[in-house]
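> All chains, please: the whole structure from these sequences, using the hints.
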Amino acid sequence: MSTVVVHPIHRAVRFYEAPIGKKAVMAATGVILVGYVFAHLLGNLQIYSSDAQQINRYAAFLHNPANAVALWAARSALLAAVVLHIVAATQLWLQNRAARPQGYVKKKDVPASYAARTMVWSGPIVAAFIVFHIMHLTMGSVLPVRDIGLNPNTPDVRWNVIAGFQNPAVAGFYIFAMILLCMHLYHGIWSLFQSLGVNHPRYTPWIQKASAALAILVAVGNCSIPIAVLSGLLTY
Amino acid sequence: MRITLHIWRQENAAAKGRMVRYEVPNVNEHMSFLEMLDVLNEELIAKGEEPVAFDHDCREGICGMCGAMVNGVAHGPLAATTLCQLHMRHFKDGDTLYIEPWRARAFPVVKDLVVDRSAFDRLIAAGGFIGVSTGSAPDGNAVLVPKEKADLAMDAAACIGCGACVAMCPNASASLFMGAKIAHLGLLPQGDAERDQRVVAMVAQANAELFGSCTNMAECEAVCPKGIKIEVIARMNRDFLGAKWSGRGTAKE
Ligand code: HEM
Ligand code: FES
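Taken in sequence, the protein lines are chains A and B.
This note's numbering puts the first sequence at residues 1 to 236.
This note's numbering puts the second sequence at residues 1 to 253.
Check before you lean on any hint, since a few could be wrong.
[Stated by the list, open to error] With a Cα cut of at most 30 Å, we get these calculated DSS-like pairs of lysine-lysine: (1) B:K111 to A:K108; (2) A:K108 to A:K209; (3) A:K108 to B:K149; (4) A:K108 to B:K47; (5) B:K111 to B:K226; (6) B:K47 to B:K92; (7) A:K108 to B:K16; (8) B:K229 to A:K209; (9) B:K229 to B:K149; (10) B:K111 to B:K47; (11) B:K149 to A:K107; (12) A:K108 to B:K92; (13) B:K229 to B:K147; (14) A:K106 to B:K226; (15) A:K209 to B:K111; (16) A:K106 to B:K229.
[Claimed, not checked] Which bits of chain B does chain A cover? Going by a derived footprint, with three or more residues having C-beta under 8 Å, they are: (17) 169-179; (18) 240-247.
It should be emphasised that the hints constitute simulated quantities derived from the structure, not laboratory data.
Glycine residues also receive a C-beta, built at the ideal position from the N, C-alpha and C atoms.
What follows is the structure in structure tokens.
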């Protein structure tokens, strides 16, 4: 076949039209979101530093006006990734539901895991959690928050987190959301390899194990903080 | 042995179907599942009732005509086995079995357990072919094929096109079928030439047939009577991304 010149935008549209194209978009945005989740975990774990001000200094560094461009670039990229991920997931979900208008009287789910079958529930709950989480700790519109008053925006993250988690309802919702995030990533991380065409009898079992391990690591690492506060191990 | 059946009965494509209960008191454990249905049908005919329509041809697990959901699993509970090769000894006296047709928007019910799978034929017409010169047969070993590739292509070529993958998939996706064809033909030098066109055309055709898409559940792999692995779906995804990246395989508009 001869080389055909097609306008790049047209090509992108044709790519996205196909379910495999949408799935590749979900996988690529999934990589961005998973990368963010890990970076965020490393940030959160600084609350255990013997230096009580460590996590506040980290926050002040992120909010330093000198880093504003980088901060907003990262935030925009994450927002774009979340939006693309949700739009593609929703389109595929609707199309897949329409592909079987009449269901079975009896249907077994072998061997799809519970996590795999509930992606479309764990995803939106995690999304709702993200909104709550930003309102709680970034915008300070859920509970009172403090600032250590260095430069314009230097939240007292340590106080905000500990005071927030002393409310069992807040701590409970964070733990619940992290369990769902764990389920989403348990299927999601290995799934993105498959969606991008990586499957090999020698490596895929390891990718699946690593996917489960990473998902559990994120949940255990993040859940440890509300648990430590509720049990009185972590105080201001 | 005595088996209770709940079978989907539907007079024709337009009719509204329903599950009907039947008792088969005289099932022999050496009967195949389809022979058990034959026995039921003999009784129904003797009573002047309409026999249960189901597809079948070879009854030896190679043609891909038979298939139904048995208690929510395509081709029944035995792995890597078509319905015609499933024997009643795998069930217990007194079992209750729900038998339903493949369900997908792309596979409309024709009658009872018979569905129209011509969407698969149109997928094959879209890309499941290779270009060859007609005339006398080519020399046996003129085109060399590495053994490993020949084996992988052969594994994929085992697909009999029964449609169990679509029936079992929570999304009614034809990905395992398409992946099997794409792997079978694309792994061999004879089919490599059309690799980009093939995947682009088949994926577009599957969309037009209103099949769903893959969410990596692997339920197809679990019920495939030929043991085809979702590795072939990854190969299809890889071929698709490669074709779209290079821009090859898409017709000029
Ligand atoms: C915000 C709302 C979200 C929704 C509605 C959502 C929904 C979904 C759905 C339906 C799938 C498809 C599962 C499948 O096809 O097997 C999926 C896959 C995935 N999700 Fe999400 N998700 C959301 C958020 C997230 C977040 C926050 C992350 C990461 C931290 C994430 C990471 C992934 C990954 C890595 C995949 C695998 C992509 C693939 O199969 O190629 N998702 N998501
Ligand atoms: S009748 Fe041919 S495969 Fe079952």
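> Straight-line Cα separation of A:K108 and B:K92 no greater than 30 Å?
Cα-Cα ~19 Å, so holds.
> What's the verdict on B:K111 and B:K47, does the C-alpha distance respect the 30 Å limit or exceed it?
holds, 20 Å
> Three residues or more, CB to CB closer than 8 Å: is that satisfied between the stretch 169-179 of chain B and chain A?
holds (count 4)
> Given the hinted pair B:K111 and B:K226, is their Cα-Cα distance within 30 Å?
holds, 26 Å
> Within a Cα-Cα threshold of 30 Å, do A:K106 and B:K229 meet the stated pairing?
holds, 25 Å
> Is the Cα-Cα distance between A:K108 and B:K16 30 Å or less?
Satisfied, since the Cα-Cα distance of roughly 24 Å is no more than 30 Å.
> So if I understand the rule, the pair passes when the alpha-carbon distance is 30 Å or less; does B:K229 with B:K149 pass?
holds, 15 Å
> Can you confirm whether the C-alpha distance between A:K106 and B:K226 stays at or below 30 Å?
Holds, at about 23 Å.
> A:K108 and B:K149 were given as a pair; does the straight-line alpha-carbon distance stay at or below 30 Å?
violated, 34 Å
> For B:K229 and A:K209, compute the direct alpha-carbon distance and say whether it is at most 30 Å.
holds, 19 Å
> Take the C-alpha atoms of B:K47 and B:K92, compute the straight-line distance between them, and say whether it is at most 30 Å.
holds, 27 Å
> Within a Cα-Cα threshold of 30 Å, do A:K209 and B:K111 meet the stated pairing?
violated, 45 Å
Violated hints for the displayed structure, listed by number in ascending order: 3, 4, 11 and 15.
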